[in-house]
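Asks: These are the residues of each chain, in order.
Protein chains: 2
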Amino acid sequence: MISSKNFSGADNQQERLEISWWIVGIVDGEGSFLINIFRSPKAKMGWQVFPEFNVSQSEKDLVILKNLKKFFGCGNIYPQRSKTRKKKWTPLYKYCVREREGLKEKIIPFFQEHPLKSITKKSDFRKFVKAIRLIEKNEHLKLSGMKKIIRITERMVHRKPFRKSARAKFLKSSETIRRAAMHN
Amino acid sequence: MISSKNFSGADNQQERLEISWWIVGIVDGEGSFLINIFRSPKAKMGWQVFPEFNVSQSEKDLVILKNLKKFFGCGNIYPQRSKTRKKKWTPLYKYCVREREGLKEKIIPFFQEHPLKSITKKSDFRKFVKAIRLIEKNEHLKLSGMKKIIRITERMVHRKPFRKSARAKFLKSSETIRRAAMHN
Numbered sequence: 001m002i003s004s005k006n007f008s009g010a011d012n013q014q015e016r017l018e019i020s021w022w023i024v025g026i027v028d029g030e031g032s033f034l035i036n037i038f039r040s041p042k043a044k045m046g047w048q049v050f051p052e053f054n055v056s057q058s059e060k061d062l063v064i065l066k067n068l069k070k071f072f073g074c075g076n077i078y079p080q081r082s083k084t085r086k087k088k089w090t091p092l093y094k095y096c097v098r099e100r101e102g103l104k105e106k107i108i109p110f111f112q113e114h115p116l117k118s119i120t121k122k123s124d125f126r127k128f129v130k131a132i133r134l135i136e137k138n139e140h141l142k143l144s145g146m147k148k149i150i151r152i153t154e155r156m157v158h159r160k161p162f163r164k165s166a167r168a169k170f171l172k173s174s175e176t177i178r179r180a181a182m183h184n
Numbered sequence: 001m002i003s004s005k006n007f008s009g010a011d012n013q014q015e016r017l018e019i020s021w022w023i024v025g026i027v028d029g030e031g032s033f034l035i036n037i038f039r040s041p042k043a044k045m046g047w048q049v050f051p052e053f054n055v056s057q058s059e060k061d062l063v064i065l066k067n068l069k070k071f072f073g074c075g076n077i078y079p080q081r082s083k084t085r086k087k088k089w090t091p092l093y094k095y096c097v098r099e100r101e102g103l104k105e106k107i108i109p110f111f112q113e114h115p116l117k118s119i120t121k122k123s124d125f126r127k128f129v130k131a132i133r134l135i136e137k138n139e140h141l142k143l144s145g146m147k148k149i150i151r152i153t154e155r156m157v158h159r160k161p162f163r164k165s166a167r168a169k170f171l172k173s174s175e176t177i178r179r180a181a182m183h184n
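Note that the protein sequences, when read in sequence, are chains A and B. Number 48 in the numbering used here belongs to position 48 of the first sequence; there are no gaps in the numbering. Number 51 in the numbering used here belongs to position 51 of the second sequence; there are no gaps in the numbering.
Hints are computed from structural coordinates only; laboratory data are not their basis. All values derive from a computational prediction rather than experimental measurement. No incorrect hints appear here.
Under the rule of at most 27 Å between Cα atoms (straight-line distance), these lysine-lysine pairs were calculated in the DSS-like manner: (1) A:K60 with B:K127; (2) A:K69 with B:K122; (3) A:K122 with B:K94; (4) A:K122 with B:K60; (5) B:K60 with A:K130; (6) A:K127 with A:K44; (7) A:K66 with B:K122; (8) B:K69 with A:K122; (9) A:K127 with B:K66.
With the hints as extra help, turn the sequences into a complete structure.
Replies: Okay, here's the thing in structure tokens:
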């Protein structure tokens, strides 16, 4: 049984293959590829872009997240509280990769080599890669680039519908327009 | 890319292995092993036991469920509607295996050969198998057997907490007590 083993100890090629495809399955089910943006007065455009790959699990299955972290060799685990029933709080944990290097060197190549099978997740991943490529070219420091990134991510699955998201607010923000005039 | 292929066409051993472990991952994420019971006046104990294995997906990823059905060669796909956001209904679909043969010959052997990795799902599967073994021995036709089944499934993850479930109601039902007196 692989479950009790350390994923990173999967020297055996066969075992690594099994774990890899299991990871694709769990990410098809529980994973997210997100492009978040937040107001940040210090950022050139007044907003910062944060790409994030994450997988959530309940506290009982925290070991899965620890093993994912070891497998990918990047990212961190954060606690979060989620209201699943009216009066009951179930502790949830999230394995997150936010650092550019980890996303570029580990996460993206892994899912290019082991493609996701769910149409929605595969499409999110494709957009995620496109957005990261633009960020690498520093496009997020220009209004036109930010608009491109936001257009790409508009149809991605996020917690909030697009029109209520920070990405939509960015487009409407007077600050955006003011800074754009300054920088473009 | 395997995603566009028919899972059942996985003659190639390597490919079948990849698909198998991907299935374990998606079931660790989105699958359920349930033991439901419903009132049924015609049943000997006044209640019927329904074991069910299921995997849910949004409409967009219906193809995944179709492929699971082909892979296992049993079960059916049912539409269900789920309220995910206050005013928005997202169509969901469920691949369900309820028939005894499919569970016994396909689902159980598959997950015995390819063990689940999440602690909660693995524990649910173990209890699910135990309950089905009791049903096979017709234990569900006796009050003592039903009580055994209910005790096993008490800590399984179901939609409702145990004390609000039909399984808990069964234990308290005057009908149960009356029938038990008749049959035991």
